[in-house]
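S.K.: If you read the sequences in order, they're chains A and B. Per the working numbering, the very first residue in the first sequence carries number 1; after that it's consecutive. Per the working numbering, the very first residue in the second sequence carries number 1; after that it's consecutive.
Treat the hints loosely; a few may be bogus.
Stated by the list, open to error - To give an idea of the interface, some chain B residues facing chain A are shown, with a C-beta separation under 7 Å as derived from the structure:
(1) Val83
(2) Arg272
(3) His274
(4) Val280
(5) Thr286
(6) Ser287
(7) Leu292
(8) Gly296
(9) Ala298
(10) Thr302
(11) Gly324
(12) Asn407
No wet-lab data here; the hints were simulated from the structure. Small disclaimer: the values here were computed from a predicted structure and weren't measured. Even glycine gets a Cβ: it sits at the ideal position worked out from N, Cα and C.
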Amino acid sequence: MQMRNLLIASSAAFFLASAAHSEPSVKLGIGRTATEAEIAGWNIDVDRTGTNLPPGKGSVGLGREVFDQQCAACHGSKGEGGVGDKLVGGQGTLATPNPVKTVGSYWPYATTLFDYIRRAMPHPSPQSLSNEEVYAVTAYVLHLNGLLPDNAALDAKTLPAIRMPNRDNFVGDPRPDVK
Amino acid sequence: MTWPTARTIQNQHVLVASRRQFLREGGTIVGGATVSAVVGGDVLADPLHGENLPPNVPEWMKSPGDPVGSQLYGTPSPFEKGVTRNIPKSGDPVFWTSSRTPLQDLDGIITPNGLFYERHHSGVPAIDPAQHRLIIHGLVDNPLIFTMDDLRRFPSQSHIYFLECSGNPGFKKPYGKTASDLVGLVSCAEFTGVKLSHVLQEAGLRREAKWIVAEGADAAALTRSIPIEKCLDDALLVYSQNGERLRPQQGYPLRLFLPGFEGNMSVKWLRRLHVVAEAVYSREETSKYTDLLPDGKAREFTFYMDAKSIITYPSGGQKLKSHGFHEISGIAWTGRGKIKRVDVSVDDGKSWQEAHLQEPVLTRALTRFRLPWRWEGGPTVIQSRAIDETGYVQPTLSDLVGVRGDNSFYHNNAIQPWRVAADGEVTNANA
Numbered sequence: 001m002q003m004r005n006l007l008i009a010s011s012a013a014f015f016l017a018s019a020a021h022s023e024p025s026v027k028l029g030i031g032r033t034a035t036e037a038e039i040a041g042w043n044i045d046v047d048r049t050g051t052n053l054p055p056g057k058g059s060v061g062l063g064r065e066v067f068d069q070q071c072a073a074c075h076g077s078k079g080e081g082g083v084g085d086k087l088v089g090g091q092g093t094l095a096t097p098n099p100v101k102t103v104g105s106y107w108p109y110a111t112t113l114f115d116y117i118r119r120a121m122p123h124p125s126p127q128s129l130s131n132e133e134v135y136a137v138t139a140y141v142l143h144l145n146g147l148l149p150d151n152a153a154l155d156a157k158t159l160p161a162i163r164m165p166n167r168d169n170f171v172g173d174p175r176p177d178v179k
Numbered sequence: 001m002t003w004p005t006a007r008t009i010q011n012q013h014v015l016v017a018s019r020r021q022f023l024r025e026g027g028t029i030v031g032g033a034t035v036s037a038v039v040g041g042d043v044l045a046d047p048l049h050g051e052n053l054p055p056n057v058p059e060w061m062k063s064p065g066d067p068v069g070s071q072l073y074g075t076p077s078p079f080e081k082g083v084t085r086n087i088p089k090s091g092d093p094v095f096w097t098s099s100r101t102p103l104q105d106l107d108g109i110i111t112p113n114g115l116f117y118e119r120h121h122s123g124v125p126a127i128d129p130a131q132h133r134l135i136i137h138g139l140v141d142n143p144l145i146f147t148m149d150d151l152r153r154f155p156s157q158s159h160i161y162f163l164e165c166s167g168n169p170g171f172k173k174p175y176g177k178t179a180s181d182l183v184g185l186v187s188c189a190e191f192t193g194v195k196l197s198h199v200l201q202e203a204g205l206r207r208e209a210k211w212i213v214a215e216g217a218d219a220a221a222l223t224r225s226i227p228i229e230k231c232l233d234d235a236l237l238v239y240s241q242n243g244e245r246l247r248p249q250q251g252y253p254l255r256l257f258l259p260g261f262e263g264n265m266s267v268k269w270l271r272r273l274h275v276v277a278e279a280v281y282s283r284e285e286t287s288k289y290t291d292l293l294p295d296g297k298a299r300e301f302t303f304y305m306d307a308k309s310i311i312t313y314p315s316g317g318q319k320l321k322s323h324g325f326h327e328i329s330g331i332a333w334t335g336r337g338k339i340k341r342v343d344v345s346v347d348d349g350k351s352w353q354e355a356h357l358q359e360p361v362l363t364r365a366l367t368r369f370r371l372p373w374r375w376e377g378g379p380t381v382i383q384s385r386a387i388d389e390t391g392y393v394q395p396t397l398s399d400l401v402g403v404r405g406d407n408s409f410y411h412n413n414a415i416q417p418w419r420v421a422a423d424g425e426v427t428n429a430n431a
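Produce the entire structure from the sequences given, and follow the hints as far as they go.
M.R.: Here it is, written out as structure tokens:
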């Protein structure tokens, strides 16, 4: 809250300062209107409520096939990690000297998993999976973490409904915290 | 305190240059840091290169040098080839995530573009600027698409700012040996671009707009949510750095720049700004860039980089070759404004002296500090602590760990002590 107030105060100061520096307050007419198609092709953001999740559905079973072919080489056949991040396990370790941060132990929102796989994975060929495959791999990784049964499938409605175990363990920024 | 005369300094430079040549031609390339620490080495007695020293005329004065334009884009002297980015010592380069600025080899506050630190999440994209676009959409009156030429038509601004990765370094051992190993994920440059607030004005922000999701055009399509207050304050859309267009490693042709915030948020290769009412909770602001505490809770959205400093001379990996005068030199910075003061201790923290701050002392830029020092050969520990204009004092590592534990990884801004041994070797006193 303190930071927010600081930001609000500083942005108010900016508007005063900008008037003094005679920045134009009228629009300059630079750029053109982006079309809906242009925006739709690039807007791949999925927020924690599932806004903008695409149509389609993917099963744990399909996810296992895709994962074995496209993900296991880096993340391990059961998501145990390798050159890529460990994806599975670690629940109960966050408050120990050796915390293991995985999708199951640490990630607060399952929707983030879909968003990240779609935009950035697999590492050698991001944005190459179909939406169904992204739903499926998301489902499989959640299954490996014990968060979905073997016969489950995910879509735009069921994915945001998954409650991740660590969801309520994120707090705001209290700094300065060292006096 | 006896200050060296201009002539003494000049002579030292000549000696250092000769010494460097000796090291190179002797087949031993030593990092510039180590070499530059060799002040007053007895090269006059060097039988190999006496021919270039007084009273003789040096070989480079006996024939013309390379002509003008022999290098269409200039590079440093070959004698400086040890001054490079600091890369990981092992592992597959495909999975290296960062390279570090060789802080101990640099003077002043500006990082040369070729030595600016790198942190990429899926490599460096090769973007044709003619095919690059920025789209602004979401909670705006008119979604817009810009070419690079469009963006350069806006009124521009230039500012000197530091940029620092928030994992610089982590809290756990093993600790690094050199200043670069430890805090080389900080650099400083003059950035030129257009104020983000100005570009947003063209699209017209709606009242519900509270965050902007910034996305890069790299293979990670990296996204971070930026609070709207920062976007309307000093955020820039940057296309140039230190006078030339951005290097690919720094986001060519366009990057977001958020002065004082953790580096990850200054999204490179910027292609999209999605104006929204709530943060998107991307992977980079949930599973990464959140700070785990001893009780298992984790801090999220820890944007500001707190005040920090480090002595770069003498520092880890260097060696003091002579007793007597040495100028302690280092850098200090804070994401919360200007550096107000830097204190230096040369007696393992028993007492502190106020260092001289080199002008200009700029908001959210590196500040160079210096302190004259006489080292008479005894072992000691030297360290610096920064105080910023909010009154915040850079903490010790034990104070930080006492509050946050050592699992949090990000936002370690602790004091860095260097141990000076009786033989002049400088090492990390925390290691």
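S.K.: What hints, given by number in increasing order, does this structure fail?
M.R.: 1, 11
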